[in-house]
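Residue numbers (the numbering used here), protein chains in the order written: chain A, 1 to 96; chain B, 1 to 150.
None of these hints come from the bench; they were simulated from the model. Remember, it's a predicted structure, so these values are computed and weren't measured experimentally. Among the clues, some could well be false.
[What the hints assert, rightly or not] Label-pair restraints from in silico Cβ distances:
| # | chain 1 | residue 1 | chain 2 | residue 2 | range |
| --- | --- | --- | --- | --- | --- |
| 1 | B | D109 | A | K81 | 26 to 32 angstroms |
| 2 | B | S48 | A | S34 | 37 to 43 angstroms |
| 3 | B | K116 | A | E57 | 22 to 28 angstroms |
| 4 | B | S133 | A | T95 | 42 to 48 angstroms |
| 5 | B | C89 | A | P73 | 32 to 38 angstroms |
[As the list claims (entries may be wrong)] Subject to a maximum C-alpha distance of 25 angstroms in a straight line, what follows is the list of computed DMTMM-like cross-link-like pairs (lysine to aspartate or glutamate):
| # | chain 1 | residue 1 | chain 2 | residue 2 |
| --- | --- | --- | --- | --- |
| 6 | A | K81 | B | E23 |
| 7 | A | K92 | A | E3 |
| 8 | A | K29 | B | D95 |
| 9 | A | K29 | A | D93 |
| 10 | A | K29 | B | E113 |
| 11 | B | K116 | A | D93 |
| 12 | A | K80 | B | E113 |
| 13 | A | K80 | B | E52 |
| 14 | B | K62 | A | E26 |
| 15 | A | K81 | B | E33 |
| 16 | A | K29 | A | E61 |
[Stated by the list, open to error] Examples of chain A residues lying across from chain B (beta carbon under 8 angstroms, computed):
| # | residue |
| --- | --- |
| 17 | F12 |
| 18 | S16 |
| 19 | I22 |
| 20 | L33 |
| 21 | T36 |
| 22 | F38 |
| 23 | C39 |
| 24 | E58 |
| 25 | M64 |
| 26 | V69 |
| 27 | P73 |
| 28 | R75 |
| 29 | N76 |
| 30 | F94 |
The beta-carbon is built from N, C-alpha and C at its ideal position, and this holds for glycine as well.
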Amino acid sequence: MGEIRIQAVCGFGCGSSLLLRIKIEEVLKENNLSATVFCGDLGTCLSQQCDAIFISEELSERIMNRAKVPVIPIRNFMNKKELTEKTLNFMKDFTK
Amino acid sequence: MDNKYPISKENLAVKVTAADWREAVRAAGHLLEAAGSATREYTEAMVSAVEELGPYMVIMPKFALAHAAPSEAVIRDDASLITLRDPVCFGSENDPVYVILSICCTDRDSHRESMKRIARMIMQEGAIDRLASAETAEEVLAVLGDDQGS
Chain A
1 MGEIRIQAVC GFGCGSSLLL RIKIEEVLKE NNLSATVFCG DLGTCLSQQC DAIFISEELS
61 ERIMNRAKVP VIPIRNFMNK KELTEKTLNF MKDFTK
Chain B
1 MDNKYPISKE NLAVKVTAAD WREAVRAAGH LLEAAGSATR EYTEAMVSAV EELGPYMVIM
61 PKFALAHAAP SEAVIRDDAS LITLRDPVCF GSENDPVYVI LSICCTDRDS HRESMKRIAR
121 MIMQEGAIDR LASAETAEEV LAVLGDDQGS
């Protein structure tokens, strides 16, 4: 299996998505997991090759029905528990 | 940009009075304009972004990250931070908002390192509450400076 690719998405791909990416990378590192995390924007995220999209809960509704990969909505970027749970759950499901 | 802090003292405003989220976002944007880092158009683009995309920029309780797409309205990468005398609501579950960080970037990647530093600071436990209760720019800088050396 190739490297797992996680796309962190926000409106323009350079603000909150970057914070999200940093936090996901932290969680992966702390749990000795490996994945490539990159930033994307709402307009083009569905055409980017990836295995999952992490996105703020409010924006998730805009892509949820059209995405071909799991869309993981994040309510509170600061909440380490939420991010850790959702990241680990995705990694577990994906590598099953 | 100041070397020690990703946000210079000139780009901070404490206990700003704003009647609503639009005024608050504009207050943060005006600091970027005053610094010569972005134009008035960029400030308005940040307001439009919330109108068009909804309040997702309120990414955690009490805190909004205001920004718009990289464009010609951005002169250089920069960030500003305001705290509000009275919080404003964006229509988010993470309302009310006490602290707004606004960023402008010329492209997606150029500001990554300074964003990382800012992210580490604001995501420290209790950082937003400490920023919200700060009475002076020096107190804000002290909170932002906590990350230094780590």
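Here is what the structure says about each hint:
Distance hint check: the CB atoms of B:D109 and A:K81 are about 30 angstroms apart, consistent with the given range 26 to 32 angstroms. Checking the proposed 37 to 43 angstroms range against B:S48 and A:S34 shows it holds: the Cβ atoms sit about 39 angstroms from each other. Between B:K116 and A:E57 the beta carbons are some 23 angstroms apart, a value that agrees with the proposed interval 22 to 28 angstroms. Separated by about 44 angstroms at the C-beta atoms, B:S133 and A:T95 satisfy the suggested range of 42 to 48 angstroms.
As the Cβ distance of B:C89 to A:P73 is approximately 21 angstroms, the hint placing it in 32 to 38 angstroms is violated. Of the pairs offered as hints, the one joining A:K81 and B:E23 is violated, with about 33 angstroms between alpha carbons and a cut-off of 25 angstroms exceeded. Restraint check for A:K92 and A:E3: satisfied, since their Cα atoms lie roughly 14 angstroms apart, inside the 25 angstroms limit. Restraint check for A:K29 and B:D95: not satisfied, since their Cα atoms lie roughly 31 angstroms apart, outside the 25 angstroms limit.
For the given pair, A:K29 sits about 18 angstroms from A:D93 by alpha-carbon distance, which is consistent with the 25 angstroms threshold. Taking the CA atoms of A:K29 and B:E113, the gap is about 18 angstroms. The hint holds against a cut of 25 angstroms. With a C-alpha separation of about 29 angstroms, the suggested pair B:K116 and A:D93 falls outside the 25 angstroms cut-off, and the hint is violated. For the suggested pair A:K80 and B:E113, the alpha carbons sit about 21 angstroms apart, so the restraint of at most 25 angstroms is met.
Restraint check for A:K80 and B:E52: not satisfied, since their Cα atoms lie roughly 28 angstroms apart, outside the 25 angstroms limit. Annotation: proposed proximity of B:K62 to A:E26 holds, straight-line Cα distance about 23 angstroms (limit 25 angstroms). Distance check on the hinted pair: A:K81 and B:E33 sit about 37 angstroms apart at the alpha-carbon level, beyond 25 angstroms; violated. Between A:K29 and A:E61, the direct Cα distance comes to roughly 29 angstroms. Violation of the 25 angstroms bound is thereby established for this hinted pair.
Proximity of A:F12 to chain B holds as hinted, the smallest CB-CB distance being about 4 angstroms (cut-off 8 angstroms). Interface restraint check: A:S16 against chain B, minimum CB-CB distance 5 angstroms, threshold 8 angstroms, status holds. This hint holds: A:I22 has a C-beta 5 angstroms from the nearest C-beta of chain B, less than the 8 angstroms allowed. The beta carbon of A:L33 comes no nearer than 20 angstroms to any beta carbon in chain B, farther than 8 angstroms, and the hint placing it at the interface is violated.
Taking 8 angstroms as the C-beta contact cut-off toward chain B, the hint placing A:T36 at the interface is violated, the least distance being around 15 angstroms. Evaluation of the A:F38 hint against chain B yields a violated restraint, the C-beta minimum of about 10 angstroms exceeding 8 angstroms. Because the closest C-beta pair between A:C39 and chain B is about 7 angstroms apart, less than 8 angstroms, the hint holds. A least Cβ separation of about 4 angstroms between A:E58 and chain B falls short of the 8 angstroms threshold, and the interface hint therefore holds.
The interface hint given for A:M64 is broken, as the beta carbon of that residue sits about 14 angstroms from the closest beta carbon of chain B, more than 8 angstroms. Interface restraint check for A:V69: the shortest CB-CB distance to chain B comes to about 20 angstroms, outside 8 angstroms, so the restraint is violated. Interface hint status for A:P73: violated, as the beta-carbon distance to the closest one in chain B is roughly 10 angstroms, over 8 angstroms. The closest approach between the C-beta of A:R75 and any C-beta of chain B is roughly 7 angstroms, which is under the 8 angstroms cut-off, so the hint is satisfied.
About 5 angstroms separates the beta-carbon of A:N76 from the nearest beta-carbon of chain B, less than 8 angstroms, and the hint is met. A cut of 8 angstroms between beta carbons decides the hint on A:F94: the least distance to chain B is about 25 angstroms, and the hint is violated.
Hints 5, 6, 8, 11, 13, 15, 16, 20, 21, 22, 25, 26, 27 and 30 from the earlier list are contradicted by this structure; the remaining hints agree with it.
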